[in-house]
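For the sequence shown, the working numbering begins at 3 and goes up steadily by one.
Hints listed in this document are in silico derivations from the structure and should not be mistaken for laboratory results.
Certain hints may be false.
Unchecked claim - Here are the in silico distance ranges between beta carbons for each label pair:
(1) 77 x 27: 25 to 31 Å
(2) 81 x 101: 26 to 32 Å
(3) 78 x 130: 27 to 33 Å
(4) 18 x 130: 14 to 20 Å
(5) 107 x 13: 15 to 21 Å
(6) 76 x 100: 30 to 36 Å
(7) 93 x 13: 28 to 34 Å
None of these values were measured; they are calculated from a predicted model.
C-beta: ideal position from N, C-alpha, C; glycine also.
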Amino acid sequence: MVCVSLELHGRGCPKAPAAIREPTVLQAAQWAAGRNRQTGAVDAPASMESSAEGNNGEDASLEGRLLGFVTNGSYDRLRGRGAAVGFCAASSLHDLLSARPELRAGGAVLVAVRNPTSLTPRLALATVAA
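Could you build the full structure based on these sequences and the hints that come with them?
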């Protein structure tokens, strides 16, 4: 297990015990499109927030492989977005980066975070804490 620092992009505030999952191919593509469209900004497009609701009634959280859980999260007023700390399996993160290198963003990796009381996963960048 490794400790990860999460920074959400777009709406949302992570709460324990939110699930940290691998993002779907569609989520990653929408995130990359929003990032490139705004000259490097990493804000998620608004269409991504509702993409999980258009799954014909299926639970969107089951699409990505479980990586870990949030242990503490809140809204960071300094950054103006949700932030959290959690734990992920090191082998799962390594497998994810090996299989899908397009999810790398600098020293971070794109993940999906879903609060237990929500059906909508939110995208976040996870950085392994030292």
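### Message
Tell me the numbers of any earlier hints that the structure contravenes, in ascending order.
### Response
3
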